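Protein chains in written order, with my numbering: chain A, 3 to 301; chain B, 174 to 508.
Rather than coming from a laboratory, the hints here were simulated on the basis of the structure.
Computed from a predicted structure; not experimentally measured.
Heads up, some of the hints might be wrong.
As the list claims (entries may be wrong) - Here are some, though not all, of the chain B residues that point toward chain A, as calculated from beta-carbon distances under 7 Å:
no., residue
1, Gly331
2, Leu333
3, Ala446
As the list claims (entries may be wrong) - Per label pair, the in silico range of CB-to-CB distance:
no., chain 1, residue 1, chain 2, residue 2, range
4, B, Pro204, A, Ser12, 50 to 58 Å
5, B, Asn502, A, Gln28, 50 to 58 Å
6, B, Val372, A, Thr162, 41 to 49 Å
7, B, Phe269, A, Met188, 43 to 51 Å
8, B, Gln228, A, Arg259, 48 to 56 Å
Glycine residues also receive a C-beta, built at the ideal position from the N, C-alpha and C atoms.
Each chain, written out:
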Amino acid sequence: MSDTVQLSSSAIRRQMLAEFWFYFRQNRGAVAGLFVFVLLVLTAIFAPVLAPHNPTMQYRDAFLLPPVWQEGGRAEFLLGTDAVGRDMLSRLIFGAQYSLFIGIVVVAIALVGGVIIGLIAGFFRGWVDAVIMRVMDVILAFPSLLLALVLVAILGPGLTNAMIAIAIVYQPHFARLTRAAVMGEMQREYVTAARVAGAGNLRLMFKTILPNCLGPLIVQATLSFSSAVLDSAALGFLGMGAQPPAPEWGTMLAEAREFILRAWWVVTLPGLAILVSVLAINMMGDGLRDALDPKLKRS
Amino acid sequence: MVRFLLSKLLYLIPTFLGITIVAFGFVRILPGDPVLLMAGERGVSPERHAELSAQLGFDKPVVMQYFDFLGRLLQGDLGNSLVTKKPVLTEFLALFPATVELGLCAILIATLIGVPVGVLAAIKRGSWFDQISMTSALVGFSMPIFWWGLLLIIFFSGFLGWTPVSGRISLMYYFPQVTGFMLIDSLISGQEGAFTSAVSHLILPSVVLATIPLAVIARQTRSAMLEVMGEDYVRTARAKGMPRRRVIGVHALRNAMIPVVTTIGLQIGVLIAGAILTETIFSWPGIGKWMIDSISRRDYPVVQSGLLLIAGMVMVVNLLVDLTYGLINPRIRAS
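Excised from the complex, chain B in its bound form (with noise of 0.2 Å):
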């Protein structure tokens, strides 16, 4: 196992390199003066704008430059944000657990549904409920969930009336950020109400953002589950006169969850993905949103450093999909 993780580490290094590299190279391709792009500043003096190429090293051969990048990133200085003059990191940290809490729910409700739905869809293969929830799957990965989330304002927001349009919490309320999640923070807040109205404001962001990986997970189980059904010990399990119940669940369910379990980590670029859209839709501030405003506000640093974390964050959850992987399926390991 050890040699397993090793293994998967070294081959990190080098797309870790390269998203390094892609990052620092982004700023300097940008049309414009990148020295001006990332002070922010315009029409300066030709000793301002020498006495900033310093600052920012600019003035270095570009090697340089990307070693000393690599250095303040290792240090974890990722730079200052143009536009509120803050630390990148600092602003990611702040913002970062908003968008995990829409994201884990939203993976929540899409696992909670998607596994079951395609459990059943497989063992009730060619029925109305397989039909139905299948047809209904290949709409929910077709669905531009930008529409999607702004449809389910009109409804719920517009003619019902029952959730808020927009943001994590109602205004009424405010409370220290222990956790920086709203559903545990309001909660230890001990406010009345608080916490209805956290969880009223994120029941549509995270409906939306499940529908895609919902989908997806959804049909993913049905066939994993098609597949393993069709197998030997399968079928010496009924042979054996097992309950169908018991060979369902212990020995279908149990192997068909292996490549289920990797799609349901896949889905974190997607979810990531999706949440720059859902993030947009509800105001909900997150990175996504942070994202998007900062590449509308020409706000490079937090652009560069942004992408660097992101992308970062990715890989590292591949690689934690990669070694569950190996601990359920002892086969991988192996070879």
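Chain A extracted, bound-state conformation (with noise of 0.2 Å):
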């Protein structure tokens, strides 16, 4: 018996990611996103193969040199040096895993942090849920980047506490969202059905409504890991974020400001790839949310 239950159970879930692929198919731009994420990941974790150089060492007989098929570039630096002698690919290589560690991380606690609390102000609802929000809406009434700024000052700059504080930020969003879709799915029958059934706040909250909740959840944390990556890129631009010798993207058109005018490649290429892998990541966010959300199917 349970046998024939487990089976159906895995049928429906291959059906459903069957449709889900399906629609996300028919988006071209978000398999494209997909596959320059895909390409992201691969190049973060195999970082130290693929780099020709070490990130940090600088070469004191070649700064600002320009890239190989400009006049005086070198072979040996394919896309030219920075102004203290550091391999720019090397840099930008290593820079990919920053910017998905960065987003990953701020992305899980935000989620986290956010779908806990919006379950307790949906499900619970009255003065929890009253004063969870107003604290949620104080959040939100500050620019994102200057609440940002503000909590490093506190904490003192350097990434984890930059990332911390992206994700303070980002909570409310996640918050809001799982309240709204909670609140919706606790008028249906299955979750009366279950509690009738005995089951406790706890099971409720997160094996019985958390699931069909997910949709909204999963392409906000896709909108919400290119906002990460961008967020912390101008946290470490305005010099609060991952600190120098870090190869992190933002950092690294912080330290390249003064020779906009000399060297483009210093400036042009960290912002491209900030630009790349934003961009990727937005393009599969549009697919998700037109696989995910039933509502916009039809348009």
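Grab the two chains, each in its own frame, and use the hints to assemble them into the complex.
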């Protein structure tokens, strides 16, 4: 008996995945985004193998060398070097590790925190809900980058603190979304049925209701991932994120600022890397939304 | 409408109090002695410490301190900057017009381009125009604007030499600040070339600041138009034989604008976050740069009150957006 149930539920899961892929595939941009994202992940994983040089190694005979195709470029430094003679290509490759790591950590903290808070607010309602939602309103009243900056000022500049700050700023979006979804699901009969069958609050919250609210949360997680990459780069650019000599793209841009009129490559390439990663994730997010949000499927 | 307004206002009170608690608590959770941080002094004698502590009210219980803080706030006393010794409010008001000027220009650019592009993309859905404009919008939405600003400086200031790199106006011009808006003041001054100089300084920063709102507005307008064009009343209007232009311009656009107006309003927060970066890149003397400078100079009274003023402003703008929404969409008022 239990075997048949097991089988059918995995069949349903396969069916759902197939349906998801069917809708996701329709959006060509999303597939392209996914492709670039996978490339980015592979670059990050195999960075030590792919990078021709150590990203923090300074070559004293090679300051601000242009890329290889320009006059004065050297074959060992394909994309040129920065102001202290570090290989740009290697720094860019290692930068992928930073961006992905930041995205994953920020989304994980914001998602877990937001979902728990949102579940509590949506499930218990009443004064708990009112207090939680007012606190979320307060966080949302501050422009995100400003609040992150102030939090970093409190916690001290650095990558870890920047990630915590960004996660705190993003977390209300997840809380609101979860709360709205939970309130919608609470009205459904299957929840009442589970309650009548004797399910406790925790089981109702996490096993019965939460799985049915995942769609919008996945979409929001993708969007937050790309925003986290952007915002942490912005903090790095303002000197509040990852600290030199870390090959973080935003920090690299900050170091390159004074050379903008002399050496285009030190400015152009890190920014391009940020843009391409963020764009790829956003394109993927669009596809996910089309595939997961039934309301949008028709349009 | 009055009830709608009142309920919105009442709803704001707890949020505003929350903001004051954040601003008040900010200084107290900073690592280090808050008395010395707020007084901007170091290595003082115990007597001087006690004196400062009493002067700043740190010798009272925290709850009393908070009420004192609220009381001073209501009287418009936001403390003095540690660096310039001037009242924070005076500094804020002096720099605020620069940010407003930049922000208004940016939102104008974003709206004037974003709305028509979104409408056209929706009407010509699936065409090359739709695809190119929506791809560009996605690129704009993903843009690290601090990098975009640097690129524009490289191209327009470095390569073409068309625009200046930083500031609000060329140092050649000097005139009294009447409104604080450089475009208007330069016109009033009547000095030849002053207005052109102000425009050339303003153009790159506003384009940079407009990038993300432009992308958001274009995407939102397109999807709102698509939604409205599928509605019964649009089909009815078409079926009655009304010209396509009129159906789109009057029936569809007016209704599609409701969510778009909200989107435009909600860009204010995005604009302020963007202003921090844009003003830093272009050395634009507005509140964004002021906040960044104050954070790095550890001028905590400025950071504290700046936070409060900016959050309060965002809150008021959001309220205005809500009210506009109620005005243009009667269904909201009723509910």
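Verification of the hints:
1. Gly331: With a minimum Cβ separation of about 4 Å from chain A (threshold 7 Å), the hint on glycine 331 of chain B holds.
2. Leu333: Violated. Min distance 12 Å.
3. Ala446: 4 Å, holds
4. B:Pro204 x A:Ser12: 50 to 58 Å: 52 Å, holds
5. B:Asn502 x A:Gln28: 50 to 58 Å: Violated, at about 33 Å.
6. B:Val372 x A:Thr162: 41 to 49 Å: 44 Å, holds
7. B:Phe269 x A:Met188: 43 to 51 Å: 45 Å, holds
8. B:Gln228 x A:Arg259: 48 to 56 Å: Between glutamine 228 of chain B and arginine 259 of chain A, where Cβ atoms are some 41 Å apart, the hint is violated.
When held up to the earlier numbered hints, the structure conflicts with 2, 5, 8 and fits the remainder.
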